[in-house]
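Protein chains: 2
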Amino acid sequence: MKRFGDVIRVPADKYAEYVEKHNNIWPSIVEMMRDAHIQNFTIFHRDGYLFKYYEYTGDDYEADMAKLNANEEHQKWLEYTAVCQQPVDSAEDGEWWAPMNDIFHIL
Amino acid sequence: MKRFGDVIRVPADKYAEYVEKHNNIWPSIVEMMRDAHIQNFTIFHRDGYLFKYYEYTGDDYEADMAKLNANEEHQKWLEYTAVCQQPVDSAEDGEWWAPMNDIFHIL
Numbered sequence: 001m002k003r004f005g006d007v008i009r010v011p012a013d014k015y016a017e018y019v020e021k022h023n024n025i026w027p028s029i030v031e032m033m034r035d036a037h038i039q040n041f042t043i044f045h046r047d048g049y050l051f052k053y054y055e056y057t058g059d060d061y062e063a064d065m066a067k068l069n070a071n072e073e074h075q076k077w078l079e080y081t082a083v084c085q086q087p088v089d090s091a092e093d094g095e096w097w098a099p100m101n102d103i104f105h106i107l
Numbered sequence: 001m002k003r004f005g006d007v008i009r010v011p012a013d014k015y016a017e018y019v020e021k022h023n024n025i026w027p028s029i030v031e032m033m034r035d036a037h038i039q040n041f042t043i044f045h046r047d048g049y050l051f052k053y054y055e056y057t058g059d060d061y062e063a064d065m066a067k068l069n070a071n072e073e074h075q076k077w078l079e080y081t082a083v084c085q086q087p088v089d090s091a092e093d094g095e096w097w098a099p100m101n102d103i104f105h106i107l
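Residue numbers (the numbering used here), protein chains in the order written: chain A, 1 to 107; chain B, 1 to 107.
If you're looking for bench data, these hints aren't it; they were derived computationally from the structure.
Check each hint, because a few of them may be wrong.
You can't tell identical chains apart in this list, so a pair holds if it fits in one copy or across any two.
Listed next, the in silico EDC-like pairs over lysine to aspartate or glutamate satisfying Cα-Cα at most 16 Å (straight line) [said to hold, decoys possible]:
1) K76 <-> D13
2) K52 <-> D102
3) K21 <-> D102
4) K2 <-> D102
5) K21 <-> D6
6) K14 <-> E92
7) K67 <-> E17
8) K52 <-> E95
9) K67 <-> E31
10) K2 <-> E17
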């Protein structure tokens, strides 16, 4: 199992919309994330930042993410929620959620 | 199982020390965290911020944390690593790690 942590901003005037959309996440999105071997997917919020944690339990991360990202419904979900997000200042050009480094964990 | 996410800062000149201390965490600390029903404890870093994720699997969180915080060796560990940390601006008076809200998760 590999852990991932990513960060992005949510403008104050978009926070309620972001939460409401996730309270009503499309069931197909949850299903395809599970099919992609993602578990314990959690989004936290504080001070205008969103922190995303998840674990990958499969054996081909690149292939699973490529399949997920190629799915049209998944693309629509990302566009639907992206209007509530802004990359952090340190994000690379074109980068959306910015990866954090796992510097310590207890299995 | 309940998820927790907390945030704190690490000054740039303290980052290497923080990582080195965690690379050599005292085995007793890991053991007492497990005894406190903490699992999947992970610390991420980016842009001077530390993000801590963990899960609590017991049935009396207050009691388990009180026991942990009353342990002298655990207190020494917290003091030993606290010199590398600074609370975020929005932290309450006396608050160290500042809690984030779990706004969405997939079990």
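Legend entry - Unmet hints by their number, sorted upward, for this structure: As far as the earlier hints go, 1, 5, 6, 7 and 10 are violated by this structure, in ascending order.
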